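Undergrad: Residue numbering for the sequence shown follows our numbering, beginning at 2 and increasing consecutively.
Think of the hints as simulated: they come from the structure by calculation, not from any bench.
Some hints here could point you the wrong way.
Said to hold, decoys possible - Across the chosen pairs, the derived CB separations fall in these ranges:
no.	residue 1	residue 2	range
1	144	112	34 to 44 angstroms
2	67	138	34 to 44 angstroms
3	18	39	18 to 28 angstroms
Keep in mind the model is a prediction, meaning the values are calculated, not measured.
Glycine included, each C-beta is placed from N, C-alpha and C at the ideal position.
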Amino acid sequence: MHHHSLIEALRQRGYRLTPQREMILDVICAADGHMTVEDIYRRVQERSPAVNLATVYRTLELLRELGLVTAASLGGPAEFELAHDRPHHHLVCQNCGCTLAFDDQLLQPLYAELRRLYSFEADADHLVIFGYCAECARARAQASHDYTVDHEPK
Numbered sequence: 002m003h004h005h006s007l008i009e010a011l012r013q014r015g016y017r018l019t020p021q022r023e024m025i026l027d028v029i030c031a032a033d034g035h036m037t038v039e040d041i042y043r044r045v046q047e048r049s050p051a052v053n054l055a056t057v058y059r060t061l062e063l064l065r066e067l068g069l070v071t072a073a074s075l076g077g078p079a080e081f082e083l084a085h086d087r088p089h090h091h092l093v094c095q096n097c098g099c100t101l102a103f104d105d106q107l108l109q110p111l112y113a114e115l116r117r118l119y120s121f122e123a124d125a126d127h128l129v130i131f132g133y134c135a136e137c138a139r140a141r142a143q144a145s146h147d148y149t150v151d152h153e154p155k
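Take the sequences, apply the hints, and build the full model.
TA: As C-alpha cells, this is what we get:
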C-alpha cells in the first residue's frame, strides 16, 4: 500500500490526518522492512522532537486496528510494517536475528493436510518460523563437531 492510499484509507474511515500521523506514516512508508516502535520514534524525533512516544504507540495501534500496518513478534520487541495484500511469512534466525520472507505457496501442502487430517481451515496471514540461517547452522554444526572431537573418550 502506498503513502497516498494510506492517507485515503484513514480519511475514508473518518480519521483526521494529523501532522503526527503523517510523519509516522512517512517513516513507515520509507522503511524497507520491519521497524520497532523505538525505531519509528527515533526517526520521527529527527523530524519533530515534539512528538512523544505515546503518540507513536497510539498511532501504530490505530493503523494496526485499521489493517494498514501489521505487527509481528520476530523474537524481540514487536516490529511493524505496512500491511500486505497477501499472507506474509518470515524465517527468523535464533542466533544472528536475520529475517527472511517466504512465500505462502510453501505452506499450501501443510494447509491441505490440516484440512484433511483435522478438518481445520488455517488462516495464517503472518507466520514466523524460528530456526537457523545457513551460516549459523554451519557454525552450529562445526561447533558440535568440535565439541564431539574434543570430548571423545581416551
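Undergrad: Each hint should be assessed against the structure and marked as holding or not.
TA: Hint by hint, here is what the structure shows:
no. : hint                           : result
1   : 144 to 112: 34 to 44 angstroms : 36 angstroms, holds
2   : 67 to 138: 34 to 44 angstroms  : 39 angstroms, holds
3   : 18 to 39: 18 to 28 angstroms   : 24 angstroms, holds
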